[in-house]
Amino acid sequence: MKYIREQLLRAYAAAPMVILLFAALMTVAAGIRFWGYAYTPGCPVLTSDGWITGAAAAVVGAFFLGGLLGKLPHRHPGQNEVAEFGAQLGLTIFTGLVTVVWWYETRALANPDQLPPITSLTLCIKANERDWTLLVFIVGALIAGRWLWHRPGTLFR
Amino acid sequence: MSPSVTGPQSQDVLEARHKRRLTAIWILAVVVVVGNLAGWLGFITWGPAQREPSHWIGIHASAFLFWVSVGMLLLSIRDLFSIRRHGSRPPTYEELTEESSSRFRKPANAVRRWMAKNQALVGAAGLFAGALLGHRFWTV
Chain A
1 MKYIREQLLR AYAAAPMVIL LFAALMTVAA GIRFWGYAYT PGCPVLTSDG WITGAAAAVV
61 GAFFLGGLLG KLPHRHPGQN EVAEFGAQLG LTIFTGLVTV VWWYETRALA NPDQLPPITS
121 LTLCIKANER DWTLLVFIVG ALIAGRWLWH RPGTLFR
Chain B
1 MSPSVTGPQS QDVLEARHKR RLTAIWILAV VVVVGNLAGW LGFITWGPAQ REPSHWIGIH
61 ASAFLFWVSV GMLLLSIRDL FSIRRHGSRP PTYEELTEES SSRFRKPANA VRRWMAKNQA
121 LVGAAGLFAG ALLGHRFWTV
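In order, the protein sequence lines correspond to chains A and B. Using the numbering used here, the first residue of the first sequence is number 1, and each one after it goes up by one. Using the numbering used here, the first residue of the second sequence is number 1, and each one after it goes up by one.
Every clue listed holds true.
So the derived label-pair ranges between C-beta atoms look like this:
#	chain 1	residue 1	chain 2	residue 2	range
1	B	Asn118	A	Val18	21 to 29 Å
2	A	Ala57	B	Ser82	41 to 49 Å
3	B	Asn109	A	Ala24	36 to 44 Å
4	A	Ala55	B	Val13	44 to 52 Å
5	B	Arg103	A	Ala127	45 to 53 Å
6	B	Lys117	A	Tyr104	33 to 41 Å
Since the hints were derived computationally from the structure, they do not count as laboratory data. Owing to the predicted nature of the structure, the values given are computational and were not obtained by experimental measurement. Just so you know, even glycine gets a beta-carbon here, dropped at the ideal spot from N, CA and C.
Just chain A, with the same shape it has in the complex (with noise of 0.2 Å):
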């Protein structure tokens, strides 16, 4: 338990543990907020003109913020057995809601009066929570962004 916490508390493993922290108590408040979310068919349509918007620099911005996460001043981390298996662990649980993700899809679409359809969920909660969804997208930009980035070899580093 002590080594586990030891590589844990690594430099190197703080931004990615905070984005981490941060995203599940997002997902703990969404639960809360959206528990009984009642789905109606006739969600409003939004339409964004042409020219970028406010959110979508905001989420682009987050994106390179991501980036510059990654220039933190850092040593090698090495070889960490525990984040190497961590690192799988997580890919294989993302992997796994993936797949209930498409085969609550594939239902979905084979069941049309029944279960709609996760691009008319997101389209629902877009027209009716715009702040919760730019939020989302957001910390999604940030993850993306440091992942992308903070690898030696990319560029700009």
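Got chain A sorted already, so can you dock chain B onto it with the hints?
Relative to chain A, chain B alone:
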């Protein structure tokens, strides 16, 4: 198909990696082929719209991606056990892109190297492409 590779890695390591790669491809192929065939032949019922010709392509395209996900999940679980039990670790990018004379791997390695070198640029391009597609098709 034996990869002709010249590099610091031993032939045993390369052969073992080649064998593991073939096993992974077989697991993925069997899951995807068997799962989709079962759906096309009606052994798996996704819902009533499955029988309607106008929905057939959409439903089975989605089912195809579901079976690909199942295959990837099985491979991830297999890797997880492999790391836990044998302490094996995935090959690095440098090990995977060693020089090869194979007519398939040679161009693929060149693409891999370029993408790894410009990883952030590829990611940013994907982000913008996704935003444009989302804006165009889903009006978001």
